[in-house]
Structure formats: structure tokens, C-alpha cells
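Visitor: Since the structure of chain U is provided, determine the placement of chains S and H on it from the hints.
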Amino acid sequence: MTSFDGFRRPDGRVGIRNRLLVVPGVVCSAHVAVRIASTLPGAVALPHQHGCSQAGYDVAETARLLEGMACNPNVGAALVVSLGCEGIDGAALTERIAARSGKPVAHAHIQQMGGSVATISNGIEQGWELLSAAEAAPVVGGDLSRLVVGVRLGQPDDSFPTLSAAIDEACAAVLAAGGTVIRTTPGGDLGFGVRPAAAGEHLMDAPAEHEIEALTGLAAAGAHVILYGTGLGTPVGNAVVPVVKVTASAQALADWGDHIDVNLVDGASVLDALLAVARGQETAAELLGHDEFAIRRIGLAL
Amino acid sequence: MDWTFNGYRRLDGRVGVRNHLLVIPTSVTACTVARRIAASLSGAVAICHEHGIGQERLDAVQTHRILANTGKSPNVGGVLVVGVDQDDQIPPVFLAQAIAATGKPVRWLTIREAGGTLKAIDWGTSLLAELAVRAAECRREPFPASMLVIGSKCGGSDATSGLASNPGLGAAMDVMIREAGATVLFSETPEIIGAEHLVAARAASPEVAADVFAIAEKFEQQLAVMGVDMRGGNPTRGNIAGGLSSIEEKSLGCISKGGTTPLLGVTRYGDAVAPTGGLYFMDSASNDIECVSGMVAAGCQIVCFTTGQGTPCGAAGAPVMKLCANPETCGRMRDNIDVDLSPVLRGRQSLEAAGMEIARYILRIASGELVKAEVLGHTEFSITRLAYSM
Amino acid sequence: MEHKLTEDMAVIVMHPKDTVATALRDLSLGEEVLPGLRAAQPIRFGHKLALGPIAAGDLVYKYGEVIGRATRAIAAGEHVHVHNIEGTRGRGDLAAAKEQGTDDEL
Numbered sequence: 133m134t135s136f137d138g139f140r141r142p143d144g145r146v147g148i149r150n151r152l153l154v155v156p157g158v159v160c161s162a163h164v165a166v167r168i169a170s171t172l173p174g175a176v177a178l179p180h181q182h183g184c185s186q187a188g189y190d191v192a193e194t195a196r197l198l199e200g201m202a203c204n205p206n207v208g209a210a211l212v213v214s215l216g217c218e219g220i221d222g223a224a225l226t227e228r229i230a231a232r233s234g235k236p237v238a239h240a241h242i243q244q245m246g247g248s249v250a251t252i253s254n255g256i257e258q259g260w261e262l263l264s265a266a267e268a269a270p271v272v273g274g275d276l277s278r279l280v281v282g283v284r285l286g287q288p289d290d291s292f293p294t295l296s297a298a299i300d301e302a303c304a305a306v307l308a309a310g311g312t313v314i315r316t317t318p319g320g321d322l323g324f325g326v327r328p329a330a331a332g333e334h335l336m337d338a339p340a341e342h343e344i345e346a347l348t349g350l351a352a353a354g355a356h357v358i359l360y361g362t363g364l365g366t367p368v369g370n371a372v373v374p375v376v377k378v379t380a381s382a383q384a385l386a387d388w389g390d391h392i393d394v395n396l397v398d399g400a401s402v403l404d405a406l407l408a409v410a411r412g413q414e415t416a417a418e419l420l421g422h423d424e425f426a427i428r429r430i431g432l433a434l
Numbered sequence: 034m035d036w037t038f039n040g041y042r043r044l045d046g047r048v049g050v051r052n053h054l055l056v057i058p059t060s061v062t063a064c065t066v067a068r069r070i071a072a073s074l075s076g077a078v079a080i081c082h083e084h085g086i087g088q089e090r091l092d093a094v095q096t097h098r099i100l101a102n103t104g105k106s107p108n109v110g111g112v113l114v115v116g117v118d119q120d121d122q123i124p125p126v127f128l129a130q131a132i133a134a135t136g137k138p139v140r141w142l143t144i145r146e147a148g149g150t151l152k153a154i155d156w157g158t159s160l161l162a163e164l165a166v167r168a169a170e171c172r173r174e175p176f177p178a179s180m181l182v183i184g185s186k187c188g189g190s191d192a193t194s195g196l197a198s199n200p201g202l203g204a205a206m207d208v209m210i211r212e213a214g215a216t217v218l219f220s221e222t223p224e225i226i227g228a229e230h231l232v233a234a235r236a237a238s239p240e241v242a243a244d245v246f247a248i249a250e251k252f253e254q255q256l257a258v259m260g261v262d263m264r265g266g267n268p269t270r271g272n273i274a275g276g277l278s279s280i281e282e283k284s285l286g287c288i289s290k291g292g293t294t295p296l297l298g299v300t301r302y303g304d305a306v307a308p309t310g311g312l313y314f315m316d317s318a319s320n321d322i323e324c325v326s327g328m329v330a331a332g333c334q335i336v337c338f339t340t341g342q343g344t345p346c347g348a349a350g351a352p353v354m355k356l357c358a359n360p361e362t363c364g365r366m367r368d369n370i371d372v373d374l375s376p377v378l379r380g381r382q383s384l385e386a387a388g389m390e391i392a393r394y395i396l397r398i399a400s401g402e403l404v405k406a407e408v409l410g411h412t413e414f415s416i417t418r419l420a421y422s423m
Numbered sequence: 034m035e036h037k038l039t040e041d042m043a044v045i046v047m048h049p050k051d052t053v054a055t056a057l058r059d060l061s062l063g064e065e066v067l068p069g070l071r072a073a074q075p076i077r078f079g080h081k082l083a084l085g086p087i088a089a090g091d092l093v094y095k096y097g098e099v100i101g102r103a104t105r106a107i108a109a110g111e112h113v114h115v116h117n118i119e120g121t122r123g124r125g126d127l128a129a130a131k132e133q134g135t136d137d138e139l
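Protein chains in written order, with the numbering used here: chain U, 133 to 434; chain S, 34 to 423; chain H, 34 to 139.
Hints listed in this document are in silico derivations from the structure and should not be mistaken for laboratory results.
For clarity, every value in this text was computed on a predicted model and none was experimentally measured.
Misleading hints may appear alongside valid ones.
To be verified - In silico SDA-like pairs for lysine to any residue, Cα to Cα no more than 20 Å straight-line:
no.	chain 1	residue 1	chain 2	residue 2
1	H	K50	H	E119
2	S	K152	S	S73
3	S	K251	S	R301
4	S	K152	U	A386
5	S	K251	S	P239
6	H	K50	S	E385
7	S	K152	U	G216
8	S	K251	S	V241
9	S	K152	U	L364
10	S	K251	S	A420
11	S	K152	U	Q383
12	H	K50	H	A109
13	S	K152	U	T134
14	H	K50	H	G85
15	S	K152	U	A187
16	S	K251	U	A187
17	S	K251	S	A236
18	S	K251	S	T293
19	S	K251	S	T300
20	S	K251	S	Q122
21	S	K152	U	A408
22	H	K50	H	G63
23	H	K50	H	H114
24	S	K251	S	E385
25	S	K251	U	A386
26	S	K152	U	G421
27	H	K50	H	A108
28	S	K251	S	E407
29	H	K50	S	T293
30	S	K251	S	L91
31	H	K50	H	P75
32	S	K152	U	L420
33	H	K50	H	A88
34	H	K50	S	S383
35	H	K50	H	A89
36	S	K152	S	E163
37	S	K251	S	G266
38	H	K50	S	T294
39	S	K152	S	Q130
40	H	K50	H	R102
The following block holds chain U by itself, in its conformation from the complex (with noise of 0.2 Å):
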């Protein structure tokens, strides 16, 4: 059985989580924004460090990205928060978010609304809407072909041929079936973030190094779900995609036993944890709150 129920999207894509997104345009309006979001369950915040001080294409950037977490497909209602003064304008990202993906988006401004307090009082009120709003989507039946999944690999190692072949196999399945696949590598074809204009398999660039960037680019880009392939074993997660650790190597289950989702060595499918986490089940990941979010940046501060 490869079909699973899913959050029909305004825009005619199908979700496999429901999140309410709360977005800090600018590093001065995170804390805000963590704040909204820890009262609201469901609610996720994107904490960053950014936004303020920032070149023209950087700034770009960084909206760019935030938009593009905002219109991932697993994101059920966004909610934006402003300072006021900073180089990303709030309102006009709201729109984007909007205009593209056709979810319910709301903005909260500290600046106009009076202050710390103020604005996340208000944000609460307007993430309770949000929820409703989101709550009502229709669930709709999936299958593989509506999948996007991001496919992350770690540092090789000698488990690597045995966890590579497992990873293919999967993404060979998705992509029979008409899905979409997209890997990770400096340099490649599709841009970072980007979403991809059709199925099939794609090689985002993305950095080596610095996963969390590398998962940020794959979550902007529409990935609903990411297969994370490990051979040391590491506990990282995404604000709005769940990460499946999949790995082969005694070593990253010994050290990293509770935050393995497939393990190869007992002869566990990635197929078939694809599936149940599409399903609904949590991964490792999820259940342990990991949600980090770090944006690439491409320009020096200010």
C-alpha cells in the first residue's frame, strides 16, 4: 500500500503535517515570535538571526527562504511577525506567502502594534484563527507520485554502500511512481531553495558542511519529507519537514540509538518508514522536538 491521507493545499498540493508556521521577519522580532508560537499547539516557530543590517540580494535572500518555508506544503497557516524597521517588508511577504500558496496567512507588527506585549497578545488571537483556518483543510488521499523528498547524506563512511543502496531504492520507487526526488550537493542544477518546476530526480545546491542550512534549502523548496542518511549518527531535525535518520552503522546506533528512524542493520525499509511518516507517524526527530532552522547567508552584516 503506498497511499497515505494528506492536507489538500489551496494550490493542489497534498501536506503530511499541518503546522502553524510563525515567521520573524528579522532577528528583533524572533523572540516574539517563539513566544506566539509556544502558546499555540501545533505552532512552530523559525527563530533566526537575520534580517536586520543586511545587503539588498541578501535580504532578498533571506525573504526568499522564508517565504519558501511559508509555502511548504506541510505548512497549514503562516504567521508573520515584523518589527517594523527592518530591510524585509512584513506585509508585502505576507502577500507572497499568500499569493503563492493560497494558505491563510496573517501579520503581526510590533512596531504598530505597541511593543513586545501587544504584539504577541495579538498573535496569539490571530494564531488561534489561523489554527481553525488550518484545521479546516480537507484530507485527501496521496500517494507516492504527490511526494517531494528531500534526500540528505552525511559524512561517507564504511556503512555508506549499504545505506546509499537503501536510500536509492527508495527514491527509486518514489520516482516510479512518478514522484519527486531531490538531492543535495555544492554546485548543483536546481537553486538553492528552489522548488522544483516538475517531478523526477534534482540536484539542489546546497552546502557540504552546514546541514542545517542544507535542510532549510530543502524545506523551501517544497520537500515533504527528508531521508537523512547517517553514518555517525547526528539528532537534527526541521521546523517544518520531518527528517527520517536512516542509517546502516552499529556505531550511530549505539551512540545515537533514540534518533534513528531505519535501521538498515535490523533490515528496517525506507520505503516503508516513508510511508508511515507520511501517515502521520512521528519520527525520532519530531518526538524529540528538533527543529532547527539556520538560513544561508550570502552577504556579510552591516
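Guide: Relative to the frame of chain U, chains S and H by itself:
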């Protein structure tokens, strides 16, 4: 006027105005665990960041330096370093050792050795509790205000910043330096580009003047590589609409927050500044959080921050006092503004009087009075990057 | 830095050497902002007006320092801004350095 305050004596000779417990993740990957450990204890703060993996060498060295100096801050009573693994790009043991050299209690752990996230949180929580007991042994004692190093910053500026809040803060900095013997650190290198000759003119020596020109030139070159023309792009359209006619006028409005005493030196971003008295300039980006974090790493126990449009930010390691002269902002964002300087703008209070009032408030904060950013739990932190991720 | 202040001033002069004042609120045409000085046109909050006549080419002072040079003649009370002054743009401007002298006070 009694220029003393009650602070925490540290073994390295410095004095703190707070007794924080800091949880320092060595990388972004360790942040979730660091945050959850800190959440177990009221008053503990995790300084989360996006670095520590995939950094070029010089960039990683800077990150280590800022993390270490932040841990060493006299406002910090104890530190728990959280790494993912012993061979993290910023090894937790080295970071812990660097901080422990100050004599304060430091512990470290790695998530891998602990056996994963849950066990690391468990272990970290008990280590933090131990540190809390040790830190609590430190009590406030009287000290002269000359032990204070005060950061002077502006952000979210508008027309009122250059007219009243920055000159007002500058008057306070003059008082702190001349009357209290304190040290003041102001910053924001991009803001002196176009007016660096004015800052250099106030240097106490030709070497310091040369340093001023050097950092302005270096910054301008870095920005040019990114295609940013500081002189051409400033003042911005918003500035011009607000009344600023030239980059010199804009810069003068900014640098007035340092006061009028001679400039004794130019310091590197995040390098410790000793409380030997006088005015210093820290080479730094204007980015509010990166700059304030640099000041805290430099040993500023308190940061005074003027704003026109209003910004709620605080800092993980220090009280950030917010001053504002825009009466509208002072009303609308009263939850986030500590000092209302609109009387100066209205001509109802002299700069001298405002300066004195601010100086007295600095001493009260030093002795324990909380600023609004602290009450609201704002603990922002970030580090200037020198290169992009690998 | 010296401010000439009395109750509810309409303008602020940052330093005795200054040749401009800055509006502390919107000023109307003809309003007397200082004894003997009237706004020659409406001036918005944060914008400057000339304290006295400024000749084309003259340096303009605020905070006791040069903020620019007049690109044309400016009358007392007239709006001083990007349309009639230009920044001398920073380091290396010898004329500005000569005119400034050794005034340490801002």
C-alpha cells in the same frame, strides 16, 4: 553623588551586575538541547546561534572567541557548554577551558556521550543545578562605578535619535567617564563611514586616529566587494524624508551617543575591554544583535541603546537599557522603553539633566534593577560571520 | 554639546557654531521659531532651516561640524536640505578639514 553600586566580584578581577547561568551550545545542532536544559532552571539562558558547523577556519575562530568571551563576561556566574561531539568544529572542551580560566564554575557535556537528546537534557539539567548552587555563593558587594564598562548603541533610529536620544546618551557617557571613572564602548563602523575624519579628530593619539581610518576603510572595502556603496547609499530615502541631508549629518547624529571625551582606542569586535576608564570604539557591524553581542563579549556589563522607531531587543548576557526621544514611540511601545527622553526633544529638559538622570539609572541597573528587556525575557544573541558556510 | 533650550522650543540648535536649526515639530510658514527668526516656508519635523543667510559654496555646520556645503544661496529661515546643500562626503576633503579647525567638542 555616590558613584558606587552593588555587584558581583569575579575571580578575574572584574565585577558583574548580574549573576547569570549561561548554557552555550558549540553548534546550531546542539541548540535544541541547550535550550531545553536552560529551560529547566529559572534565570538560566541558552545562547543559541546558527554557527559551529561548516565554517571556514577564521570564521570558526571568531565564533569560538565570541562564545568564550561571552561566557567569561563578569555578568555570568556559571557556564554549561553543550557540544554534539568532542570533535565539533568548536570543541566543547576547549571552549569550557577558555571560560574556566576566569575562575568561574564551568561544566561541559556532549550529546553523543550522554546517549542522545533526552539523556543529554537530563545530564545537563543536573550539571546546571550544580552550577546554580556554586553561582549562588556569590553575593553583591559595594564597588566603585569605575568598574563599569558601558556599551552605547543606537538602533531603529529616526530623526529624534540624532536630535535628542543620542546626544542625551552622550551626555550620560560623559558623566560616567568624567565623574564615575567608568569606561564606555561605542561602535557601528558603517555609521562612521563618510565622517571618520570627525571621529579621528577626537582621537587621543595619532595611532588611534590611524586605527579609525583603517577600520572605516576596511569596512568600506568589504562592503564594496558585496556591491554596497556606503557613501552612495546613505543617507537612505527614509533618512532623507526624515530630514537628514548628508552622510556626515547622519553619522554625527549617531556618534554623539559616545559623548565628547577623547577617543582612547579602537578595539576588535568582541575583544575584552578593561575597565581602565575612558571612551573606546569597537569595530563592528551595525546589526543590532551582532553589535550588542560583541559589546557583551567585550565585557560591557550594561548596554545603553537609543531607539527612535522602537525595538524590543535585549541581550543574553546583559541588561539593555532602552532610551527613546520620540514621544509617539514612547507611548506606543512603553512596554519596551526604559527612558523617555522626549522632554529633551520638547525643550523641557536639558541634555545635562538628562545625562545625569541616565547615569543615576545606570547605577541602579548595576545594583540589580531590571530593565524592561529583562522583564520580558529578551535574550537575543548572534555573532558576526566572516565568511559563508561550507 | 550645547542646546539652547527654553520651554517647548520649536527648534533645536545643537552647538554654538551651527548655522542651521532643526525643527522639533512641523513649522508653519512665517512662524517665529527663535527671537528674530521666522520660518521662510513650512518646515517638517526633523528638517533644518538656516539660522542666517548662507552663501553659495559656504560650509554648513550642525553639531559644531561640517555637514555639507551650500550649492546655492540660502536665506535666513529657509529650508536647508538635499536641494540646496551637498555633503562633502567624508575623509580627505581638505577644505572641510581646514575650515573645521581643532574643535574637539561636539
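Visitor: Hint by hint, which ones does this structure get wrong, listed from lowest number up?
Guide: 7, 13, 15, 18, 20, 21, 22, 24, 25, 28, 31, 39
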